[in-house]
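Colleague: Assemble chains B and C onto chain A, guided by the hints.
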Amino acid sequence: MNLKEKILADPEGKSLVNCFSCGMCTGGCPVARISDYNPRRIIHKVMLNMEPEDIWLCANCYTCEERCPTKTNVADLINLIRRITIKKDGMPEFIKPLVENLKTTGYTVQIGELENKRRERMNLPAVETTDEIKKIIQKTTLK
Amino acid sequence: MKVFICDCNGEIDIPQNLDFGDGVVVKTSSKLCSEEGKELIANSIKKNEKIVIAGCTPRIAEKFFAEFNPEYVNIREHVAYPGHADGKIRDLIKGAVEKVRISDETSTGGFEIKNKSALIIGGGVAGLETARQVASAGFKTYLIEKEPFLGGTIAKLDRLYPEGMPNSHTLYPLINEVVRDKNIEILVNSELKEISGEIGNYRATIRTRGKVIEDCDLCGKCKEVCPVTVDDDGIERKAIYYRATHPDSYGIDFENCTGCGKCAKVCDKIKLDETEIELDVGSIILATGMKEYDARMIKEYGYGKYKNVFTKLEFERKFANRLINPKKVVIVLCAGSRDENHLPYCSRVCCLLGLKEAKLIKDTDPEVDVYVTYIDLRSYGDFENLYTTVRETCGVNFIQGRPSEIVEKGDKLLIRTEDILLGKTIELDTDSVVLITGSVPDYELLEKLGIPSDGEFPVDYVNSSLSVDSNPRGIFVCGAAAFPKPVAESISEARDVAVTVINLLNKERVDMKTPVADINGDICSEVGCKICLDICPSGAIYSDGGIKVDPSMCMGCGVCTAACASGANQLIGYDDKGLLAQIENTVKEGDILAFLCKWSSYNAADKAGYEKLKYPENTKIIRIPCTGRVDAQIILKAFSCGVKGILIAGCPPDGCHYVSGNLRAKKRILATKELVEQLGIAPDSLRIEWIGTEESKKLVDILNEMDKGGNQ
Amino acid sequence: MKKYAYYLGCTIPFRESNYDLSTRKVMDNLDVELVDLEGAGCCGLYYEQINELTHLAMSARVISMAESLGLDLMVLCNGCNGSLVKARNKLVENSELRDKVNEILADIDREFRGTSEVKHMIRILYEDIGIDEIKKTVKNPLNVKVAAHYGCHLLKPSEQIKFDDPREPKSLDELIEVTGAKSVDYFDKNLCCGGFVLGADKDIAYNMTGQKLQNVKDVGADLMITACPFCHVMYDANQRAIENELQKKFGIPVLHYPQLLGLAMGFNARDLALEQNRVRVNPGIFDS
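Protein chains in written order, with numbering that gives the first Met the number 0: chain A, 0 to 142; chain B, 0 to 711; chain C, 0 to 287.
Hint data in this document are derived by calculation from the structure and do not stem from the laboratory.
Among the hints, a few may not be true.
Calculated pairs, BS3-like style, for lysine-lysine (alpha carbon to alpha carbon, straight line, at most 27 Å) [to be verified]:
(1) C:K89 with A:K87
(2) B:K411 with C:K248
(3) A:K102 with C:K89
(4) C:K161 with A:K95
(5) B:K192 with B:K547
(6) C:K161 with A:K70
(7) B:K408 with C:K188
(8) A:K70 with C:K188
(9) A:K95 with C:K216
(10) A:K138 with C:K99
(11) C:K89 with A:K13
(12) B:K306 with C:K188
(13) B:K298 with C:K99
(14) B:K411 with C:K99
Every beta carbon over 12 Å from chain A, so not counted as near; a handful from chain C, in silico [to be verified]:
(15) K1
(16) D30
(17) D127
(18) R277
Some chain B residues well away from chain C (every beta-carbon gap over 12 Å; in silico) [as the list claims (entries may be wrong)]:
(19) F19
(20) Y71
(21) D157
(22) K261
(23) Y292
(24) E299
(25) R415
(26) K423
(27) S524
In this text, a Cβ means the ideal position worked out from N, Cα and C, and glycines have one as well.
Same shape as in the complex, but just chain A (with noise of 0.2 Å):
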């Protein structure tokens, strides 16, 4: 399946046929004014079986969606090629610190001790990690 059957495929995918091409999203893009990002051209490159470019340049702030009107719901959809493009060509380099430190700390970060003492006189309790989240992760990402 290319990527636009794989998005057809999605329960999420389904608004990809809605869009008439008006221009509001990439007409109210706070990223789009500042770049040559242009979230109605990716819409309609998936929709001619064109690889879209920029992909990860939306700041998923849902201006586009908000505005919408045939309700394409256009940065759900670039989450799900996202995720479609991540399938097939791995994850882009700056996300995977975020997954290593998901699956050691179960935080988005490391912890370290400076942070704890930081709490620790102001009061806070202290954060512990998690290896619940490792778990999640290996169990929704088995092949």
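Modeller: Just chains B and C now, with coordinates in the frame of chain A:
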């Protein structure tokens, strides 16, 4: 009961010794559709006697015999032409005979046209033109207008498109003729409170506020003392004001009048009280024109928040009166239209209105920078020339892309939109924005007049391609109130409606064209479920101390009858007991029973006859108005009579004559399939299919399939 | 007395503990009890882009902790708000997905039932507690001009998070004004902080953050208020770096909302860990 059998000039082999039981007399002929044939029928039958006519297809027979109200049996296209055995003729006629024997009275009703007059609601171009035509045919016409002056939206505009003609070209002559015609009674500041009655005999209660000032010398003293200032779509005026259409006196805008009475103090001709009158009319025409979508709802565009964001009316009026002097204007087409968050539909004329504004600005001041943003430019037909002119002659810039938001920075407005053809987001700065918003229907009046519209414009109601077949109606919708349209089209439509009204009022009586549904109040009140009310595609069923059918709106589809669990609702001519008797007497064990809708699949069966296609002889066809009429009761009856397959075939999904009857049928049949499965009947022996008029091959293939498989 | 399960997410305990501290102070003063979740872990926000089931399971896990306590869940982070509310809606509607997720949670002895609601602290303050109750606790009305930053996932996607109208929100503005401060309008008030795209493209992210800082400066506001730790990191912790990158000077203090409310309630700067805000907060700006 009499049965007339035609052998169509020897084309059909009629079996000998046909006997259909007591009280049924059989007469044969070779050409029933001739003058002699028709005389035979006319002379043989007693008044109101039920008859059955067997011969060619009802499509042809209806042309000749409709006045006798017969039950038709198709023994030519469905028996003789496909080369089927003549025993089938006996079965088909027997079924029809038993149906007619047991059914209730099938004569259709009618209405007397008591009042030879018309009420027109709305004094804009559509209302004025309708009034002019109806009155000139000699009928008394009441024209009510809720504003203090005639003219409607057109009177407030400077130019009409596409030519750019001032509104006076159309409006002034029209108003003059209306005012001069003594048959027309004009009531301004008047609104419809309620109606009652039926076609030919309506009673309308009209509420009038104030009184037209006699011999007003336009001194304007009333205007000076009036404390209320109103923003009339961009132009400020007082609550008492003058508009140069008609009447030619000052008039009070009672929507904004506070009733302080200061005007009455300076002029004793001014009256503020309310009166109510009742008008008895034969027909009512709704012509209340266009109402703009409230632009404040499009919060991203800042209308109402920022000073220089205007609606199209406001902009044109301010611009024409030199109240604004922009150097740059951005016209936003499709503002809040084709948008699930606002108006999901297209209002048809907005693109043209936007182009007109662009041309108007450039004609007045070519130095103004004009941009138009659009998604699709819908300048249909002749209006393409307007688009060409605006681009080539006027030099207006077009940007494809619907603005996402409009923000204010300092004293400039910024339009944030993608320029799709550039593939980039742009921020267009401008000093003025014109929002071309869509139109909304007059919900209140549509509801008062019982016109079904599903929350949008009553397009199905005014659709004349469907209404050729429908029963006569006394209430019409005309002009932009039916759906947004240019002035020229409103005027044409007004003339069409006027002709229909005139034809109606010229009659003494109108008869129903189709059988209608009837509800037995006693049985219904025991259940009172109201399912038929919601399910009726024509909005013909209403609640008024009991559930009733409005015969003028009923299209005779039978969807309500099929939905009725108590049997209170029956479609005349296709009632439950009639159809059940017809099934029992038509089918034999092992038959395939096909319910074919008269608009599509039945004609496909006729075509199969003309094309001499081969299909199983044991196919028995019953003609129904709509597949939506078939319910579980009918299906179970057929199976219990031993049929091995049932086919229900109708019009394709978007093509139902009654809007949604075929879709309801599909849902119902699929549910019934589950039911029959439990009774041990093979599920593929019950099929529902879409078969169009031309698809004879598809029908034949399906029947052949069903004959091979099916219930054993 | 109101009681909520209290969820911090990843950013607060490790970078924005002042948000945590000030929230506890303020809630205590409003008679709201907060119950900590042990080993709470991550809400799974980032997994929305990696693997749907992982995201749903991680979010369901956090919500199930609140469910076991029989309490609704209070979140302080917009990102957590978006992630948890969306996951909850999906799992409440779709029983097949719910079963799949519970199969995974069974491994760690947890179960999602959908019995607890997820609410952002701002929503709890505005709807559950209410402006009138909060007003009663204001002893020290502040005299500052505040630029409110709602952030994105406090309100959007609005069909899922049915809180305030994202086109014309007023909840945070009203919460600010109850402290006596003036919530000012400024250009592009609803602009996103850009935090989410920081990993993919730092320049774009900094550009977005910098735009708002400039707009806030242009309107002469004394400080900014955020309702999300990650927005706060962008505007506060990264402000110096952005100044360098864009060659501009902002100097705008950025407070967490409960720090502002806390000051109005009469707590001092130390109580609210104001010294941990990177951009120096000059206490003089609050004086009448």
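Colleague: Taking the hints in turn, state whether each one holds.
Modeller: Checked hints:
no. : hint               : in the structure
1   : C:K89 with A:K87   : holds, 25 Å
2   : B:K411 with C:K248 : holds, 26 Å
3   : A:K102 with C:K89  : holds, 25 Å
4   : C:K161 with A:K95  : violated, 33 Å
5   : B:K192 with B:K547 : holds, 23 Å
6   : C:K161 with A:K70  : holds, 17 Å
7   : B:K408 with C:K188 : holds, 12 Å
8   : A:K70 with C:K188  : holds, 24 Å
9   : A:K95 with C:K216  : violated, 36 Å
10  : A:K138 with C:K99  : holds, 11 Å
11  : C:K89 with A:K13   : holds, 15 Å
12  : B:K306 with C:K188 : holds, 19 Å
13  : B:K298 with C:K99  : violated, 41 Å
14  : B:K411 with C:K99  : violated, 54 Å
15  : K1                 : holds, 20 Å
16  : D30                : holds, 20 Å
17  : D127               : holds, 23 Å
18  : R277               : holds, 14 Å
19  : F19                : holds, 59 Å
20  : Y71                : holds, 52 Å
21  : D157               : holds, 33 Å
22  : K261               : holds, 39 Å
23  : Y292               : holds, 17 Å
24  : E299               : violated, 6 Å
25  : R415               : violated, 10 Å
26  : K423               : holds, 15 Å
27  : S524               : holds, 40 Å
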